[in-house]
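Chain by chain, the residues:
2 protein chains.
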Amino acid sequence: MNSTKIAFIGTGLMGLPMARNLLRAGYPLTAYNRTRSKAEPLQKDGAKLASSPSEAAKDAQIIISIVSDTPDVEQVLTGENGVIRTAKPGSIVIDMSTISPSATRIIAQNLEARGVEMLDAPVSGGDTGAIAGTLSIMVGGKKEILDQSMPILKTMGKTITYCGGHGMGQMTKLCNQVAISLHMLAASEAIAFAEKAGLDPSLMVQAVGSGAAGSWVINNLGTKMVKHDFAPGFMVRLLQKDLRICLATASEIGASLPGASLAHQLYNSIEAHGRGDEGTQSLIALLEEMANIEIEKRTE
Amino acid sequence: MNSTKIAFIGTGLMGLPMARNLLRAGYPLTAYNRTRSKAEPLQKDGAKLASSPSEAAKDAQIIISIVSDTPDVEQVLTGENGVIRTAKPGSIVIDMSTISPSATRIIAQNLEARGVEMLDAPVSGGDTGAIAGTLSIMVGGKKEILDQSMPILKTMGKTITYCGGHGMGQMTKLCNQVAISLHMLAASEAIAFAEKAGLDPSLMVQAVGSGAAGSWVINNLGTKMVKHDFAPGFMVRLLQKDLRICLATASEIGASLPGASLAHQLYNSIEAHGRGDEGTQSLIALLEEMANIEIEKRTE
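Chains as they are written, first to last, in the working numbering: chain A, 693 to 992; chain L, 693 to 992.
It should be emphasised that the hints constitute simulated quantities derived from the structure, not laboratory data.
There is no bait here: all hints are sound.
Per label pair, the in silico range of CB-to-CB distance:
no.: 1; chain 1: L; residue 1: Thr-820; chain 2: A; residue 2: Glu-732; range: 48 to 58 angstroms
no.: 2; chain 1: A; residue 1: Asp-839; chain 2: L; residue 2: Gly-890; range: 15 to 25 angstroms
no.: 3; chain 1: A; residue 1: Thr-820; chain 2: L; residue 2: Lys-835; range: 34 to 44 angstroms
no.: 4; chain 1: L; residue 1: Leu-705; chain 2: A; residue 2: Ser-961; range: 36 to 46 angstroms
no.: 5; chain 1: A; residue 1: Asp-819; chain 2: L; residue 2: Ile-837; range: 42 to 52 angstroms
no.: 6; chain 1: A; residue 1: Asp-839; chain 2: L; residue 2: Ile-987; range: 29 to 39 angstroms
no.: 7; chain 1: A; residue 1: Thr-820; chain 2: L; residue 2: Gln-801; range: 44 to 54 angstroms
According to the in silico footprint, chain A covers these stretches of chain L (three or more CB under 8 angstroms from chain A):
no.: 8; stretch: 891-899
no.: 9; stretch: 908-917
no.: 10; stretch: 943-955
Idealized CB from N, CA, C, for every residue including glycine.
Make a model of the complete structure from these sequences and hints.
Dropping the structure here:
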């Protein structure tokens, strides 16, 4: 039994299995989720449930948050019933959501004024990585606070990279999302082009994916694109949220993202077609529609 | 000693080592190159030199061409002193250049009218793959002609994919180039964003490249981008030639390539800055310039 008390805020698709891995490692854990029913499954793993972020945080040494967007993090950490109301000096907030780097810096300052430390520690690896405890975790904040938190992060992730001061974990995650959005566009354009040209698109994916044109996306999602298997590993609406942060941050720091900007606009069309809760590989449907390709049903 | 006589047309960066691998495998080979001096090194490997494509082709069973662009292939195969003037009925032309799929179909028809078979067999894998004999070869034409040619292709490449009728090898190669151009943009945007944000870009490349945002490009060229090592594995001006074929073919078949089109336009700027003979990773220089990032010298 580990003695470090953890508060865990946000038990969604990612948070629930991450919290479960902490419970299984023996950490006493109090969970909070806006929709309480989504946190209840953790009770049989030994979690207590709290009715507010401030209640969850009051006895905790480590407070983990993983919620949807910047305003959600602001609310649960520094809002009315937020962590900041009760968190003890010396405790550490680890925000594993993907949110604005500049907002992260402000939240870290506000917490620091109360003696509470903060790391930004967004993740990649999807729900499968969360379940397996093999997430990649990109960390910003003070190095010594990361060192203290390492055993807990290792319970949830495999590759833990220290990226720099507050917000730098978020910046690294944004670079990740810029690349992913363009890799989705690359795979979608190549596959729709192949289909319109009369090629066997699966054969093209195989021929192209093994060489210099290969990517994780085309090798892992290319066949799903061809078969129109749009079950979400990562949802369109969450990528769109991340791309909005990328583009806003690009404005703040003075960087240009012509390609990621295009991908974001094309995904707007995917959302306009009611595909926001589908996996990001559904971008192929737009490129096919643009090429006037009629797809009957693909799954056999 | 193999008895199949080969004519080899185009002994540039790719063609020279490919011809050398055929000579080493024991094939009698007659080489032609527009600039004769570039073919001369093959003489000490046992090659004869010809002074025109038609002279090279006159006794050959297999005629291989690998030249720069569609008009070059038209000239050496069906032009005034082209292969078509002397090639024997039953001989096989294997065009390993990357050119227009629709022009390929017309050339194949013209050759077929003289009883000469044709395969389109563009390659990927760069000069290192050409030297090692490990190219990926994407083949269009008649399946039985590919079967006959297989021993010769295996001397130059490792992965040989039959893609369909005439032009389908070229179509597959174009899909490859669409994906590569967008992967270059993805890596360039992510790296320039990281630099402007104050991240260590090499650390970002490492953190991002191992997961779902990974690509061959970011993992193999990311560090070169960061260091401004622009030595060409594949030259900008050749990628641009390929993208022009992609965009023209997209118009012909009715497919949309919004991302590859953007990449092509951005590479126009790279060429306008005199970087056409550099490697395609030099796209990073434009994204850095757009973000007003001053790069001193990177290589140490």
